[in-house]
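Residue strings, one per chain:
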Amino acid sequence: MVNPEEGEKDMSTVTPSSLSSVASASGKVRTPGTTALGVGLEARGIHAWFGQKHVLNDISLDFWSGTVTALIGPSGCGKSTFIRTLNRMHEFIPGAAMAGQVLLDGKDIYESGTDVTKIRLKVGMVFQKPNPFPSMTIAENVLAGLKLAQLKVENKDDLLEECLERAGLWSEVKDRLSAYGGSLSGGQQQRLCIARSLAVRPQVLLMDEPCSALDPGSTLRIEETISQLSSSMTIIIVTHNMQQAARVSDYTAFFLSDGGPGSMVEVGPTGEIFSRPKDKRTENYVTGRFG
Amino acid sequence: MPSATGLPQRRELTTKPRFSDKVFRGIVTTGGLSSLLLLGLIFAFLAYQGFSILKMEKFSFITGSQWQVVLNDSGAIDKANTAFGIAPMLVGTILCAIIALVVAVPVSVLAALFLTFYAPPALKRFLVAIIDLMAAFPSILFGLWGFFILMPSAEYWAKLLHKYFGWFPAFKMEVPIFTRSPFVAGVVLAIMVIPIVTSISREVFAQTPLDRVQAAYALGASRWSMIRAVVLPYGRSGVVGGAMLGLGRAMGETVAVYTVLNIVYQVNWHVLVGAGGSVASMILLKFGEAGAQEVKALMAAGLVLFLLTLIVNSIANAIVAKSGGKGR
Ligand SMILES: Nc1ncnc2c1ncn2[C@@H]1O[C@H](COP(=O)(O)OP(=O)(O)O)[C@@H](O)[C@H]1O
Ligand SMILES: [Mg+2]
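Going line by line, the protein sequences match chains A and B.
Each position in the first sequence, counted from 1, maps to that position plus 126 in our numbering.
Each position in the second sequence, counted from 1, maps to that position plus 23 in our numbering.
Hints listed in this document are in silico derivations from the structure and should not be mistaken for laboratory results.
Be aware that one or more of the hints could be misleading.
The list that follows gives simulated cross-link-like pairs (lysine to any residue, SDA-like), each with its CA atoms no further than 20 Å apart [to be verified]:
#, chain 1, residue 1, chain 2, residue 2
1, A, Lys282, A, Lys255
2, A, Lys273, B, Ser248
3, B, Lys147, A, Lys273
4, B, Lys81, B, Val290
5, B, Lys147, A, Gly221
Estimated spans, in silico, between C-beta atoms of each pair [what the hints assert, rightly or not]:
#, chain 1, residue 1, chain 2, residue 2, range
6, A, Tyr236, B, Ala229, 42 to 50 Å
7, B, Asn336, A, Gln227, 56 to 64 Å
8, B, Pro192, A, Val279, 40 to 48 Å
9, B, Arg34, A, Leu346, 53 to 61 Å
10, B, Asn336, A, Ser309, 28 to 36 Å
11, B, Phe188, A, Ser304, 33 to 41 Å
12, B, Arg34, A, Ser309, 30 to 38 Å
13, A, Ala305, B, Ser83, 50 to 58 Å
14, A, Gln227, B, Ser245, 23 to 31 Å
15, A, Tyr236, B, Asp234, 49 to 57 Å
These numbers were taken from a predicted model, which means no experiment stands behind them.
Just so it is clear, CB atoms sit at the ideal spot from N, CA and C, and this is done for glycine as well.
Isolated chain A, as found in the complex (with noise of 0.2 Å):
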């Protein structure tokens, strides 16, 4: 784990770019939750229920556009459990239940009469364990938003480099994206489904625990390209890594469950979270003395 001192040495030599633009565009570090000026995601009062089990429990948080946030925790506290009703993807579990507000754009997605695809297109989501369509060819798998949403494009082979290009796979796929998805590395097929998201223009992009099954190098692609896209979009990062939180985040929420539900302890600019958490709780976390 980072020990404070080694932490903050991180964060002073890979600040991310975006935190320190727009803290000299504003005077000072801004913290979420205050204006809702350039708000990508708002998250209001969210409560999670697994049939009678009580999971989350009040969860506020604002997500800008352009940054990247990073939700931090130990296992069960609930993050996977967060970021999936910001798609909506938790009402897809049998008994799932929720409370509360996700907006977008100013608009609460959970609206009655709203048109759950349509979300899901605007908020994309990069899983845990890479999910590439086996039946489908590489590029037939990063177009495949478009063929299951029906969307149409001009150019679709412009769109393939593209996406691949900002995933970090084009150089390794090019030749061959007429092989099987199932034929690339771990790390590979990670950043194919990365690129597969980002084929539908997502206007967030949320990622569980993206590198958690990859080794170290693929990890490093795919903090370059995190770091990349988030110029563009705002990005929501589930992680175990200490110093992945540090090197890709602007902001990070630590999230903790003492046996009930989860609930957010802390939320900051990152460099504060590791060098300064006004939690002890996060403190204790951050230097690694549990979870």
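Following the hints, position chain B with the ligands against chain A.
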């Protein structure tokens, strides 16, 4: 000891199995081999019984359309005038089975998709129970139902098919007899096959890996587009497998076909005309009053049916193996 290439010799990799493992292995091997043995015994029995007839008739056993036993004055068989040919029966079996599958597979796949992805839980439980019950229904009941209930309405459908698709060779009508046709038999068979294909398809569809289903939904897929992109490619080989089991039942079905089909010793490709054939039903029809020679001929017919089933299954397996794997 280094070999000629300079590389060391590959070692033999062995392990000493534990006693309990040996016992278990013996038990499962016995189980596995006994079914093979049973199949082999049936085959040997049919081959032994039918050999003399096959030798006498040669290829005309499967290409001929005559089935008559003529005895001479001394009561022995008159070889010059006796003929055993099952071509109309073979054609009939294949036709009825094709009709059954053409009707049953789409219905079953749709039913399985409905049960897996659309039906409310209570309705699903109810329908699954009904379908399982249907699979275990005695086939004579299907036959009787087909005769009394289905036949009149099938006649109406057959007339429609003839009116609008009469240009299609198989729907030609030379004599306007619409009852007891291969079409009616095929539909009865379809109803018997639907439960099998449905329950197998349902099981494969339900096993679709959740992460792929979620990947599709997370990309903004509707339920139907998710099914097309994920469930159908995954389940395809399973559906083909189910269809093969169904085909096996359709080709071997005896009593239900016997009840609704007019068995005629003349090859007829026109499925709407009330004249058809079925190897299995023919055996049932003839067996009761057959003399020693004719029984042997019936055994030979059974052998041919056995081989036909085997061939069809191997072809289907080859198709699945060739196209399979991709969606898995
Ligand atoms: N499908 C489910 N059914 C019932 N309980 C679940 C399900 N998924 C997660 N949970 C419970 O919800 C809580 C939060 O889980 P999760 O969001 O996966 O945590 P995290 O991602 O932070 O490890 C855990 O207590 C877990 O046991
Ligand atoms: Mg999780």
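Do the hints match the structure? See the list:
no. : hint                            : verdict
1   : A:Lys282 / A:Lys255             : 27 Å, violated
2   : A:Lys273 / B:Ser248             : 8 Å, holds
3   : B:Lys147 / A:Lys273             : 30 Å, violated
4   : B:Lys81 / B:Val290              : 19 Å, holds
5   : B:Lys147 / A:Gly221             : 17 Å, holds
6   : A:Tyr236 / B:Ala229: 42 to 50 Å : 29 Å, violated
7   : B:Asn336 / A:Gln227: 56 to 64 Å : 57 Å, holds
8   : B:Pro192 / A:Val279: 40 to 48 Å : 45 Å, holds
9   : B:Arg34 / A:Leu346: 53 to 61 Å  : 39 Å, violated
10  : B:Asn336 / A:Ser309: 28 to 36 Å : 31 Å, holds
11  : B:Phe188 / A:Ser304: 33 to 41 Å : 39 Å, holds
12  : B:Arg34 / A:Ser309: 30 to 38 Å  : 32 Å, holds
13  : A:Ala305 / B:Ser83: 50 to 58 Å  : 53 Å, holds
14  : A:Gln227 / B:Ser245: 23 to 31 Å : 24 Å, holds
15  : A:Tyr236 / B:Asp234: 49 to 57 Å : 24 Å, violated
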